[in-house]
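Participant: Sequences listed follow chains A and B, in order.
Counted from 1, the first sequence has number 86 at position 86 by my numbering; the numbering is strictly sequential.
Counted from 1, the second sequence has number 101 at position 101 by my numbering; the numbering is strictly sequential.
Worth flagging that the hints you see were computed from the coordinates, not collected in a lab.
Subject to a maximum C-alpha distance of 30 angstroms in a straight line, what follows is the list of computed DSBU-like cross-link-like pairs (lysine-lysine):
| hint | chain 1 | residue 1 | chain 2 | residue 2 |
| --- | --- | --- | --- | --- |
| 1 | B | K110 | A | K3 |
| 2 | A | K55 | A | K70 |
| 3 | B | K100 | A | K55 |
| 4 | A | K53 | A | K71 |
| 5 | B | K69 | B | K58 |
| 6 | B | K100 | A | K57 |
| 7 | B | K42 | A | K70 |
| 8 | B | K42 | A | K71 |
Nothing here was measured: the structure is a model prediction, and the numbers come from that model.
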Amino acid sequence: DVKVTQSSRYLVKRTGEKVFLECVQDMDHENMFWYRQDPGLGLRLIYFSYDVKMKEKGDIPEGYSVSREKKERFSLILESASTNQTSMYLCASSLASGTGTDTQYFGPGTRLTVL
Amino acid sequence: AQSVTQLDSHVSVSEGTPVLLRCNYSSSYSPSLFWYVQHPNKGLQLLLKYTSAATLVKGINGFEAEFKKSETSFHLTKPSAHMSDAAEYFCVVINSGTYKYIFGTGTRLKVLA
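When you get a sec, could you build the whole thing from the sequences and use the hints?
Facilitator: Okay, here's the thing in structure tokens:
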């Protein structure tokens, strides 16, 4: 079974802090993704990475950055946390078969509260 | 551009009765479509996916979905609801030419005893 783990289930931070969310997958997947989930909005893509050190902005990248130094690990960074970044953050990974039909496997999520 | 619309934000059914969760899609190409389920405080789990093979797709836990091109729909059904089916369900289309998922806004299913 594919396993995607996230470093924290719950996190509370203060406005202005730098926040790191870590994600690790164990299936040698090329693609990794960060989403945020808010009620009534579904999941929105923040960033994705299709290879080590390669990244692409998603739909809502403002206020976030990412790092992928190793294939299995993808980090989401909030440079200066703000209250409007309070949300559930979900990491996912997938193969890159080239068919455009690859399943994404999700981690359990990190519920971040910024005070 | 691709998109999906989940027609109901909340659905309530009694245990043992059928479940119908509706999803319409918009796509210029033959789409790949998915249904995911999210139980409270959990990540998303794949229920089933359509990738231009059989139009009736069977998934886990007794769920199935039918791809209807003429109606641009991909509704999720289950003959008999179980209490453990209470969760949020997401319909997803893949943006053609990329790896990007486009999510619907979700349908929260409530199962009444």
